[in-house]
Amino acid sequence: MPSSEEIFQKVQAALVDALGVEEDEVTPEATMVGDLGAESIDFLDIVFKLEKAFGINIPREELFPDDILTNASYVKDGKVTEQGISELKARLPWANLTNFEQNPRVQDFGNLLTVNDLCRYVATKLG
Amino acid sequence: MRWFWIDRFEKFVVGKEAVTIKNVTLAEEPLDDYLPGHPHYPHSLIVEGMAQTGGLLLSQMEQFLQRVVLAKVTKADFFFVAQPGDQLRLTAKLLGRQAEGAFVEGTVEIDGKKQAEMELTFAILDESFGKEPFFIPRDLLRILRAMRLFEVARTEAGERIEEPQHMLDDEQAYLASHPF
Amino acid sequence: MRFCQLDQITLLEPGVQIKAVRKLRADEDYLRDHFPRFEVMPGVLMLEALTQAAIFLARATEGYKNGLIYLESAKNVKFADFVQPGETLSISVEIIKRTENTTLVKASGSKEDSVAVSGRLLLKHQMLSGTVEPSTTDVHANVFMKQITDRLLKV
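As they're listed, the protein sequences go chains A, F and V. One gets our numbering by counting positions in the first sequence from 1 and adding 6 to each. One gets our numbering by counting positions in the second sequence from 1 and adding 154 to each. One gets our numbering by counting positions in the third sequence from 1 and adding 65 to each.
Any given hint could turn out to be false.
[Stated by the list, open to error] Part of the chain A face toward chain F, derived, beta carbon under 10 Å:
(1) ALA24
(2) LEU50
(3) VAL53
(4) PHE54
(5) LYS58
(6) PRO65
(7) ARG66
(8) LYS95
What the hints contain is simulated information worked out from the structure, not anything from laboratory work. Given the structure is predicted, the values throughout are model-derived calculations rather than measurements. Beta carbons are placed, not taken as given, at the ideal position from N, Cα and C, and that holds for glycine.
Same shape as in the complex, but just chain A:
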């Protein structure tokens, strides 16, 4: 099982390749969408690079809970309900949802994901 430093370096390398950003831009707290400019087509590229770098399989819904975010039972007036939040927490145990919980607007969810979140996700798949 690689150390968290090793995981970070491989994730960082994958993001540098996929997004064309500089190494020093890829900090642990950097958000994928806001800070690194990742768009939906980049996520496919990133997923494939991570699968290759770590020898893991990444089913889309484990990183992108679209099915929860578009489910009428979990979303009301553009915000995720309490039940929806529990579903998200169960689906993404590695993600830090405390900021999102303050104002859980569906449209903001994509901006949540940080480099750190990605590293923690990889660690759970390897562990």
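Fit chains F and V to the given chain A structure using the hints.
Relative to the frame of chain A, chains F and V by itself:
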């Protein structure tokens, strides 16, 4: 000018890898004064050749029913220019596939020398772009036959593949409605 | 140059940037293959438009010396939107860095207000003579390319 930037399939392993060849000729339109005195083949069309090779490898997995488009060139590196008389050998490897798209690694060789390397991401378009494939099945079938795809194609286990039934049906229906 | 992907150069600042436009006409022959049921500009032609604009900029910037300038490397070229017949792609290329025989640019093509294509391109400059002095082929190629540049600027 047609939009076929590969001439023929040399190898096709279902879901894994395909190899095509493209002959560069002095008479093809893109070479016309692309650089007088030093005619050479535009690199964007080499990317297209790889996109066609990898795209067909990908869409064959769903019997050519999916709408597959090139969405991103993560990187494409070219080591020298291709000239009339050169034969490009394009190898596309399908490295990953999800519902929304796939990732292909490609290399191009001329006379055994590596001319280019690239990483391409394809998107599989959903129904908001329509329900039908972009190609008319009988026409695509004819082109794929001309490119020898079904002759060389094998599954990983080494078995030949069949021409997709929906394409044969479309061909039959057309020919039946156009008797001599 | 039948494969020219630019209709007009609207701004040329050697050493800095170039802006150009490319309108997709409904009668472009290859559209019948791309695709029969969904006619759109192929992504690689959008890339070619960016590349050609970059090459015209690079030639003007180096003062028309090297006969051959070509795309050595493309990075993170994303096709974000389709260009359909009748629509116009507005191309913008800026030089990031130059060395003696390379030019690195960031390039994008937009429709109205949204970006349809973007990426980073590295161009290689090469003297066809194989030495530091141009051959007649180098000179002739540059005369031709300058003529096209001038024609596109006058449109």
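Notebook entry, point to check: Any hints this thing doesn't respect? Which numbers, in order?
Noted result: Of the numbered hints, just 8 does not hold.
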